[in-house]
Each structure stands twice: as structure tokens, then as C-alpha cells.
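Use the sequences and the hints to build the structure in full.
Line by line, the protein sequences are chains H and V. 1 is the number of the first residue of the first sequence in my numbering; add one for each residue after it. 1001 is the number of the first residue of the second sequence in my numbering; add one for each residue after it.
FYI, nobody ran anything at the bench for these hints, they're computed from the structure. Among the hints, a few may not be true.
Claimed, not checked - Taking CB as the label site, the calculated pair distances span:
(1) H:V90 <-> V:I1134: 45 to 53 Å
(2) H:L45 <-> V:P1228: 28 to 36 Å
(3) V:E1226 <-> H:Q39: 46 to 54 Å
(4) H:K89 <-> V:R1245: 48 to 56 Å
(5) H:L82 <-> V:A1130: 23 to 31 Å
(6) V:P1227 <-> H:E25: 57 to 65 Å
(7) H:N94 <-> V:R1245: 50 to 58 Å
(8) V:W1037 <-> H:V104: 24 to 32 Å
(9) V:T1221 <-> H:F50: 40 to 48 Å
(10) H:G108 <-> V:S1156: 31 to 39 Å
(11) V:N1123 <-> H:F50: 16 to 24 Å
(12) V:W1037 <-> H:A277: 54 to 62 Å
Unchecked claim - Heads up, incomplete: computed chain V residues facing chain H, CB under 8 Å, no partners named:
(13) L1049
(14) A1130
(15) D1193
Unchecked claim - Chain H stretches covered by chain V per the calculated footprint, using a threshold of three residues with CB under 8 Å from any CB of chain V:
(16) 39–51
(17) 104–110
(18) 147–156
(19) 160–174
(20) 253–267
(21) 312–318
Just so you know, these numbers come straight off a predicted model, no measurement behind them. Ideal placement from N, C-alpha and C gives every residue a C-beta, glycine not left out.
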Amino acid sequence: MGETTSPEQQSTAQKAPRAAFGQMEVVAVVLLVVVFGGQFVAPYLDSPQFSTWSTIFLAIVIQSTPFLVLGVALSAIISIVLSERVLQKVVPRNNVLAVPVAGVAGVGLPGCECAAVPIAGSLIRRGIAPAVALTFLLAAPAVNPAVIVSTAVAFPGEYDIVAARFIASLLTAVLVGWWCLSRGSRLPLRRLEQVAESDASTRQKFVATIRHDFVHASGFLVLGAILAAAVNTFVPRSIIDTVAGQAVLGVLTMALFAFVVALCSESDAFVAASFTAFSDTAKLVFMVVGPAMDVKLASMEAGTFGGAFARQFVPIVIGTAVASACVVGWWML
Amino acid sequence: MVDAVRIPTQGLLLMFLGAVLLRLAASDAYLRYVVPWMKWPLLASGILLILMALGPLFREERHSPAHVEHAEDDHAHDTGHDGHDGHGHGVPAVTWLLALPGIIAFVISPPELGSYLAERRANDLVTVSAPTSITTLGGDGPVELALEEMLFLAQSGEPALEGQPVVMTGFVSWGAGDDWYVTRMQIGCCAADAMAYRVLVNGAERPPRDQWVEVTGVHVTGTGVEPPYEVELDATEVVEIDAPRQTYE
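The structure is reproduced here in C-alpha cells:
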């Protein structure tokens, strides 16, 4: 992002590090100063706003990192260990059919949305049609058992909401998948290359892939966490409650709120349930948009698949999620 | 322009993040941010991040990223599209942000959520679904209740609550005038989804914000049934205590 040096310049810069005191040494010194000097600075930064922001920021990063690590590890397994033949056997040859299959396959990945991004990337790298991989990316965080259970706990006895969430999320994933399929080669997806050299050992490839995927996604995760924590701390929820009575505005506000607060899909049902003033459909919109797209995911997807792709993909996903949640909500709730 | 993150520096940033996760998980500090069962995932991913970092840290820079990442040109047919714009695919500058969580953890060491957020969330309407276990009421002595349970019993108009002395533990947040609340944050996943559970305490002098207290009292019958669901307690005793190890419900 914003890096203007050409590949040639970059590689010469990398091949000729300043001999005595390179970038790494400078960074190492800075980090040591932070580790040992930080406690002396802390009293000057002691404002409740800032410390609340930093608690929430750190919470989002800490919560997401293990899931991202799990995601990149699975993605490395997909990239290195699974042969293309196995993958092709599992995924139907017909892409129109493969999209719903990928959506239902999302049931098998119990994790937050952060894990799904590198996995989708590695599926595309292994030659799975992008539409199929992206369907999996959208479905996995929303339809897995952990999310279904937590939704049922947050809405006790209201099984229609749990079912509606499952159906609307799956519908969103499949519809967006078919849209991607119809765009075909016009989808401005960044070309994803094999990470490691072909002559490297399996272990080297494995480690290189994990590191590559993690380094590429994690910076964007932190960026998303910065924004989400700011919204969480500084936007009072009572502002949101003022539009609760209006059907259309309520739905749109909940969609926007789901996008900016970037909660993890296993806990967003509890927050949705606490919006007692809103209609069930508006709550459903919150729970369908959140796992499919939020500021953290948009940031990570821009990093993994390219900015041009994210500019098309993000609005399409949000629009589809709102529409399918409204339709399913009108039908079931 | 921001310098590109070189491979050894990437290793350093990964190691720093891994070390921060290990440090938080090894102490109880992680409980301020996430739920208790996250300890083992945090330890495991911290170790993995450090292992991942060892390669680039202790290897000479013989692989430039351009070389490593442009390895297989015969891969083009697999992706099946022409979106390739020939860009270098180096590490994005935003990777520098990886240092931020560690810097925040070491410099700020962010505290658990407290009265600031609870008071900002004061106007949220909190309704509580049935807790997993319900304490049996009755008997002579005061019964210990979680804030969540108290709100649930009050909202459902539980008759056994009438005249029943209860004990609740939480921190102090302030309201309008001289009002104050015994307060507890509940988190489902991490501190980002925190909700504030509060009970208004009558008949006791207001302690300072964020002071942990144990409040004994009797529910004011009829409060908390209707929006804004404000539950009141007539306090008989307020004891100042130290913060518990796990501050979230």
C-alpha cells in the first residue's frame, strides 16, 4: 500500500543492506527502548479515553491473532500438503454447483473471520476458482457450529432467529459467489503466486508460506483494529438507538454499525440481542453483515487480494448481505 | 516515504508480537482483554510466531523478496484471470503496524475496562437472557449474586427476590447527581463486545470511580422490570475490596 518503488529498486535495496547498522538493528533498538522505557512514559498518557481505546484495540488484536495463525497454518497445509488432485476431487468440476458446496463447507471451519482470509487466498493459489474460494470466505465465519451455538445462547428460545441467520448468511455467500463467477476474468483480483521456490524443501515451503501469509494479512488486521476500537470507544450506542423506530434507517444503521465495530462472529449475537429497541430484522442484518464484511476484513482483503478488488467486493457483499437478511427476515421473523 | 519492511525486520516484528502474546498469556494480563480459555491459543500462537521469526532473523539476506515471491511463473494458468498488474508484491508498508500492539502493551499496559466505558454505555438498554446457572434464593443469610443474574431476576419479576438480602461484587461507576452503581462488564469474546451491567445503589455514600466494592442489600421491588431496566438496591453494607483476578463476568 502506497509503496512506489519499482520491483527493481526494491530488490537492489534489499540486496545491499547498509553493512554496519541496517534497518533491523534500528528497529531492534527502538523496540528495546519501548520495552524498558515504556513504563516511564505511561503516566503521561493516562487519559480514560485513550486507555479505553487501547484496551479495546489490544483486545481485538489479541483475540484475532491466534485465529489468524490458525488460518495461515491451514492455508499453508492447503498450499503445500494437499495435492491439486485431491482438491479437484473434493470440489465439484462445475463452478456454478461448486459455489453452494463451498458455502456449506464453511460449516467445517469453527473460527473467527480472520482465519478465513488466508485460507481463501491459498485455495485460489491452488487453482480453485476465485468465486468458490470467496464463497467459502464469506460463509465460514457465519455458519460454523460455534457461531450457531452462540447465537442460540444469545437468543434463548428464539430458534427462528438462529435459523434465519444461518439461511441469510449462506444465501449472501452463495449469491456473491455467483456474482464473482459471472464477473469471471473481469474480477480485478491480484494474482496470487506460490510463495516458496519450487526447489525448496517441503518444510521450507511450509514456513515461508505461513510467514508470507501472516505478514501480508496481519498489518491490515492491526489497521482494522485501530479503526474498530475507535468506533467502539467514541461512538455512543445511544446515537444508534435514536433510529431504532424507523424500519429502513434502522436496518441501514445496523449494517453500518456491524461494518465499523468489527466484532468477531462468535460474540456479535450477544451485542445484537442487546439492541432491544430494534426490530428482529434489523438485528438479523447486524448478524449477517458483520461476519461477511467489516472494516477489519475489508482491510485484510484489500491486503491479500488487492485494493481494486476490495473496492468492488466490499460494497457488493454489504449490499447482498443487507438484501438477503431483509428478505429472510421478512419471510421468517 | 515509508521504508519497505525488510525480511530480517519482518522476523523481528513477528518475534515481538509473539513475545507480547506469551507475556500476556503467562501473566494474568490477558484476562483484561479476552476470555479465560484464550490462554492456550495465545501461548500456542506466540510460540509459533517466534518459531516463524527465527528463520529470517538468523539467515543472511540471500533471498530478496522479489526472488522468493516470483518463483513460479508457470502458475498463471491456475488463477484463470488477467488481473495481474505486474506490481512487485513486496511486503506492504502497513506491515509496520505489527509493532503497534506490542508498543501499546508495553507502554500503556491497558487496564481492564472500567467506569469510563460503563458510563458512556449508561444509556444502552441492557436486557439479559437467562444465565446458565441460577442461584437458589431463600434462607436467612445474604445470597451472592452475579450482576447478570441480578438483572435477569429483576427483569423477569422474580417473586423470591422480594426481601431477599443479596451480595454483589463490582466496580463503582457514577451516575447523575450523587448516584452511583455497582458495575460489572461482561465480555463474550473480547473486550470489544463488552456490555456494562449496573445496579443503582441507594443509601450509601458514593465511593470513588473504579473502586471495587462488595455491596449487601435488598432489591427495590418493581425496579428493572421495564425500560430503561434500571435495577435499584437498598444497601445495608458497602465494603471496599481489591479488584478480583477476573474482572469480567
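Does 24 to 32 Å hold as the CB distance between W1037 (chain V) and V104 (chain H), or does it fail?
Since W1037 (chain V) and V104 (chain H) have Cβ atoms about 28 Å apart, the given range 24 to 32 Å holds.
Quick check: does the Cβ-Cβ distance between N94 (chain H) and R1245 (chain V) fall within 50 to 58 Å?
Between N94 (chain H) and R1245 (chain V), where Cβ atoms are some 56 Å apart, the hint holds.
Whether the CB-CB distance between E1226 (chain V) and Q39 (chain H) falls inside 46 to 54 Å:
48 Å, holds
Do three or more residues of the region 147–156 of chain H come closer than 8 Å to chain V, measuring C-beta to C-beta?
holds (count 5)
Is 40 to 48 Å respected by the C-beta to C-beta distance linking T1221 (chain V) and F50 (chain H)?
Hint holds: Cβ distance 42 Å, inside 40 to 48 Å.
Determine whether the Cβ-Cβ distance between P1227 (chain V) and E25 (chain H) falls within the hinted range of 57 to 65 Å.
Holds, since P1227 (chain V) and E25 (chain H) (Cβ atoms, about 60 Å apart) stay within the stated range.
Hint says 28 to 36 Å; check whether the CB-CB distance for L45 (chain H) and P1228 (chain V) agrees.
This hint holds: roughly 34 Å between Cβ atoms.
Quick one: are K89 (chain H) and R1245 (chain V) within 48 to 56 Å, going by C-beta?
The hint (48 to 56 Å, Cβ to Cβ) holds, given that K89 (chain H) and R1245 (chain V) are roughly 51 Å apart.
Verify the interface restraint on A1130 (chain V): the C-beta must sit less than 8 Å from at least one C-beta of chain H.
Because about 6 Å separates A1130 (chain V) from the closest Cβ in chain H, which is inside the 8 Å limit, the hint holds.
In this structure, is the beta-carbon distance linking W1037 (chain V) and A277 (chain H) contained in 54 to 62 Å?
Given a distance of about 32 Å, which is not inside 54 to 62 Å, the answer is violated.
Do the Cβ positions of G108 (chain H) and S1156 (chain V) conform to the proposed distance bound of 31 to 39 Å?
38 Å, holds
Checking C-beta pairs, does the region 39–51 of chain H have three or more residues closer than 8 Å to chain V?
holds (count 8)
Hint compliance for this structure: hints 5, 12, 17, 19, 21 are broken, all remaining hints hold.
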